[in-house]
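Starting from the known structure of chain A, arrange chains B and C on it as the hints suggest.
Protein chains in written order, with my numbering: chain A, 486 to 836; chain B, 486 to 836; chain C, 486 to 836.
To be clear, the hints were calculated from the coordinates, so they are not data collected in a lab.
All values derive from a computational prediction rather than experimental measurement.
It cannot be assumed that every hint is accurate.
Put simply, identical chains are the same to the list, so a pair is met inside one copy or across any two.
No farther apart than 20 Å at their CA atoms in a straight line, the calculated lysine-lysine pairs in the PhoX-like style are these [as the list claims (entries may be wrong)]:
| no. | residue 1 | residue 2 |
| --- | --- | --- |
| 1 | 800 | 778 |
| 2 | 679 | 800 |
| 3 | 782 | 763 |
| 4 | 549 | 532 |
| 5 | 528 | 778 |
| 6 | 549 | 528 |
| 7 | 800 | 823 |
| 8 | 823 | 679 |
| 9 | 645 | 763 |
| 10 | 528 | 763 |
| 11 | 532 | 763 |
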Amino acid sequence: MRLDEIVARFGGELIGDGQLAIQQVATLERAGPTEITFLANPKYREKLGTTNAGAVILAPEMAKESPTACIVSANPYLYFARVAQCLNPAAALATGIHPSATVESDIPATACVAAGAYIGPRALIGERARIGPGCVIGAGAELGADALLHANVTIYAGCKIGARVIIHSGAVIGADGFGFARQQEGDDAGAWLKIPQIGRVLIGADVEIGANTTIDRGALDDTVIEDGVKFDNQIQVGHNVRIGAHSALAGCVGIAGSATLGRRCTVGGGAVILGHLKIADDVNISAGTLVAKSIPKAGNYTGALPFLEHSQWLKNFAHLRQLDTMADRIRALEAQVKMLATMPGKPEDEF
Amino acid sequence: MRLDEIVARFGGELIGDGQLAIQQVATLERAGPTEITFLANPKYREKLGTTNAGAVILAPEMAKESPTACIVSANPYLYFARVAQCLNPAAALATGIHPSATVESDIPATACVAAGAYIGPRALIGERARIGPGCVIGAGAELGADALLHANVTIYAGCKIGARVIIHSGAVIGADGFGFARQQEGDDAGAWLKIPQIGRVLIGADVEIGANTTIDRGALDDTVIEDGVKFDNQIQVGHNVRIGAHSALAGCVGIAGSATLGRRCTVGGGAVILGHLKIADDVNISAGTLVAKSIPKAGNYTGALPFLEHSQWLKNFAHLRQLDTMADRIRALEAQVKMLATMPGKPEDEF
Amino acid sequence: MRLDEIVARFGGELIGDGQLAIQQVATLERAGPTEITFLANPKYREKLGTTNAGAVILAPEMAKESPTACIVSANPYLYFARVAQCLNPAAALATGIHPSATVESDIPATACVAAGAYIGPRALIGERARIGPGCVIGAGAELGADALLHANVTIYAGCKIGARVIIHSGAVIGADGFGFARQQEGDDAGAWLKIPQIGRVLIGADVEIGANTTIDRGALDDTVIEDGVKFDNQIQVGHNVRIGAHSALAGCVGIAGSATLGRRCTVGGGAVILGHLKIADDVNISAGTLVAKSIPKAGNYTGALPFLEHSQWLKNFAHLRQLDTMADRIRALEAQVKMLATMPGKPEDEF
Chain A
486 MRLDEIVARF GGELIGDGQL AIQQVATLER AGPTEITFLA NPKYREKLGT
536 TNAGAVILAP EMAKESPTAC IVSANPYLYF ARVAQCLNPA AALATGIHPS
586 ATVESDIPAT ACVAAGAYIG PRALIGERAR IGPGCVIGAG AELGADALLH
636 ANVTIYAGCK IGARVIIHSG AVIGADGFGF ARQQEGDDAG AWLKIPQIGR
686 VLIGADVEIG ANTTIDRGAL DDTVIEDGVK FDNQIQVGHN VRIGAHSALA
736 GCVGIAGSAT LGRRCTVGGG AVILGHLKIA DDVNISAGTL VAKSIPKAGN
786 YTGALPFLEH SQWLKNFAHL RQLDTMADRI RALEAQVKML ATMPGKPEDE
836 F
Chain B
486 MRLDEIVARF GGELIGDGQL AIQQVATLER AGPTEITFLA NPKYREKLGT
536 TNAGAVILAP EMAKESPTAC IVSANPYLYF ARVAQCLNPA AALATGIHPS
586 ATVESDIPAT ACVAAGAYIG PRALIGERAR IGPGCVIGAG AELGADALLH
636 ANVTIYAGCK IGARVIIHSG AVIGADGFGF ARQQEGDDAG AWLKIPQIGR
686 VLIGADVEIG ANTTIDRGAL DDTVIEDGVK FDNQIQVGHN VRIGAHSALA
736 GCVGIAGSAT LGRRCTVGGG AVILGHLKIA DDVNISAGTL VAKSIPKAGN
786 YTGALPFLEH SQWLKNFAHL RQLDTMADRI RALEAQVKML ATMPGKPEDE
836 F
Chain C
486 MRLDEIVARF GGELIGDGQL AIQQVATLER AGPTEITFLA NPKYREKLGT
536 TNAGAVILAP EMAKESPTAC IVSANPYLYF ARVAQCLNPA AALATGIHPS
586 ATVESDIPAT ACVAAGAYIG PRALIGERAR IGPGCVIGAG AELGADALLH
636 ANVTIYAGCK IGARVIIHSG AVIGADGFGF ARQQEGDDAG AWLKIPQIGR
686 VLIGADVEIG ANTTIDRGAL DDTVIEDGVK FDNQIQVGHN VRIGAHSALA
736 GCVGIAGSAT LGRRCTVGGG AVILGHLKIA DDVNISAGTL VAKSIPKAGN
786 YTGALPFLEH SQWLKNFAHL RQLDTMADRI RALEAQVKML ATMPGKPEDE
836 F
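With the rest of the complex left out, here is chain A (with noise of 0.2 Å):
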């Protein structure tokens, strides 16, 4: 593809020669001459003047340092993505149901069913939808048109998938949520009874959702994810939690019952959001943080400790034990103080 034909198709100036032919992406320390590559994040400004890149994507204040052509974008890393996606078409895959294959449903001619798989009775398998090997989808799933399910993925009964949604491998859509009483007296008291789970995962369309990543189903309604959002790997999503759209999830994040997330929200990773909480759209949780209340209003939240060298770490951290006794000492020393300060002789006024 050539400079001139991804100014033509995306935008953007282009600066220098529009006919040098581009054949793939690459960071600027290692793209070569029929490479393009981007400069999203001023810090790394000093790698520009090096690079053996073919051409450069990048913003305006930046153009002038490039030392090879380069398209100027308002949003580089944006504009990269679309190249980046043009240069790299999704594998065409074969059609059709591998010999191996077990499918209980009508499956349509454009669909790929790969070797292994299993397709219980009654599942809707949209046009061109590609299920890897040794993936399982229960009964009276869905999946919509170009879904993507990548190797070994699981779907329980009943769930409903949307287009274009793509799932890693080893991630399970619809286990049963977490949901049992527990019995208070006889023999069996603090056993645990179960309640079955009778709702299902509705997941909206252009979703993608990382490897190993598990999304229960609801426990009487539906869990449900809306469009666009973005699970990364090993995520827990717990059942009745309702995700708004274009939320990002980093990985190990945590999401207990009932919680539900605004619409463009982040999640760092490692986050844990507890059950039945609401957080409002546009909020955006560091990584490693306990969100234990709900969050009404936009805004970046953060609770995460910082570490140190472990000998620094025990002679401070062992007086979180003790910031109870800290503030009391705080509020009798000002007692005190207040006090000396007012006795007969003490010029009070100049605290």
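Below, chains B and C without anything else, positioned relative to chain A:
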């Protein structure tokens, strides 16, 4: 099922028309005239007035507020669980071995082995056990009567799973524990030598294991999960852990090797219990807590961090690194104030 | 294997009858007369006196206390690892391709492909590699000699796995990294555009990867795991991470994209390392620590929170939100006390 039949079977006091036929369970908000719901948490009391449910299960003190038929029970949620189970019996699965499964052991005629599953030699499979598509059961493993493995579960060789155990997709039982000895000297200094993990996982009856949860086999002795323990999704249990009967662990919990958890404990989401610790019976650990020493006494324990709006967090949490200095400064102030107060002419007694 | 044979092979000093035949390894508590055990941690010293083991591997300073034959070694645990490996050789697996597997590449006659596995085209499989039931290996992937994939492992296209690597069930190697560019304006404002992930995962020799661990492929360059790294279960490794040789990571660790971990590092359970950070060689990070900035120097680092009985936690940790105010109050007190102390007639020098 009619209301009078429900009360005849499960007890409780019926207020209203016993002839009403109930078809399903539902939430207070969504339930319709042929559905039964429950009110367990007084917080949701205001939803009671507007429910369209055919009947509500609730506590004695709420009975007067019910706009519709109700069943009065001291533990409405437990009662609801019983009704829900009754109205939602486990789907009757086909018995027999799917032709695409590979089975190298004898299987009872009442059991079911689904498409693509693999069962190794010398396995013992109980009556009416159901083994989902793509499951793998290693050589010599045992699966109790009425156990249910959802799709793509892996059981390593030699592990024993009790009666009526439910295991969700992607769970892995019996992988090697994390045991390595470090080379201290020579060319390989720093390299790790694997300790063969020759113990097993022994899982009692009525345990439920969530999606993508992993329970490692013991190094020398066994990892033991007692009866009735409930695991949510994505939990990691290290080698030689022992978990007491009827404990319940929420999603993303990690329990390091050789830790012992008592009976009827609860562990909140994302909590971590370090290795070799002993946790007493009836201990409740809050979400996000890192348990770094043993807990010899029943009770509730917490080590979670509050979160703040990000700029507030920056301002407040930076002081964590200076807590020791803050404590020193308070001590110094106390000494100074004491000296000021005891100087000639100062009425020390006032403090 | 006789004790004198063990010492002849692995060194150390034998005290006792060299003719004793040892059949298995076991713990101090459980070992019987034909079993060998070890004592590495002086904390368990008191168990030595009552052991029924045939022999004990222990350090020189403990040799006198042994009630039975012993092998004296400077590093008893490492010595034990060697003996344990010797007594527990890997099970000899059948070679060849199971008829239910689907294999689209050439496989060496010494390799084993178990039931239901799938190997795509152009894969390179090493001599004696063992591929468990239900594994999926993508097109063009490479698996080194003597590598062992337990059941239901997924390797995406193009990834390279070194010799003698062990991967446990449910692990996913090479899923797409979490890379998206955000639309800033227009109807799609807030929506995410996928960045194709065209890098690979390159895994060195002698690496072990725990159950349900996920290692993402690189965005543009590769994700690299050097020789001898050991991963526990449920670890998440983001795109373009690099992990130095002989590092060891405990369960539930998360490493965000483009982070670099040095050689011989250890990371405790549930710790999180944020993206783009650089961690030096020989860094030890404690369990539960969130690493939010680079660590340029070897050492031990911790950021974990102590836990308390819940009511104590409530009382103490609420002050975390007022730490900045507490610091201000201490500063004000210091100013006041200084002023009081320096007023005419006050002996300032005393402080």
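Now the hints, each set against the structure:
1. Proximity of residue 800 and residue 778 under a CA criterion of 20 Å is satisfied inter-copy only: 17 Å between copies versus 30 Å inside one chain copy.
2. Taking the shortest alpha-carbon separations for residue 679 and residue 800, neither the intra-copy value of 46 Å nor the inter-copy value of 36 Å comes in at or below 20 Å.
3. Within a single copy, residue 782 and residue 763 get their C-alpha atoms as close as 10 Å, which meets the 20 Å cut-off; across copies the closest is 34 Å, which misses it.
4. Proximity of residue 549 to residue 532 under the C-alpha cut-off of 20 Å is restricted to the intra-copy arrangement: shortest distance 14 Å within a copy versus 63 Å between copies.
5. Proximity of residue 528 and residue 778 under a CA criterion of 20 Å is satisfied inter-copy only: 15 Å between copies versus 35 Å inside one chain copy.
6. In this homomeric assembly, residue 549 and residue 528 come within 20 Å of each other (Cα to Cα) only inside a single copy, at 16 Å, whereas the closest approach across copies is 62 Å.
7. Taking the closest pair of Cα atoms, residue 800 and residue 823 never come within 20 Å of each other, the shortest separation being 31 Å inside a single copy and 26 Å across copies.
8. Neither within a single protomer nor between protomers do residue 823 and residue 679 lie at most 20 Å apart by alpha-carbon distance, with minima of 61 Å and 62 Å respectively.
9. In this assembly of identical chains, the alpha carbons of residue 645 and residue 763 never lie at most 20 Å apart, being 24 Å within a copy and 41 Å across copies at closest.
10. Taking CA atoms no more than 20 Å apart as the test, residue 528 paired with residue 763 passes between copies only; the shortest distance there is 15 Å, against 36 Å inside one copy.
11. In this assembly of identical chains, residue 532 and residue 763 lie within 20 Å of each other by CA distance solely across copies; the values are 18 Å between and 43 Å within a copy.
In summary, the numbered hints that this structure violates are 2, 7, 8, 9.
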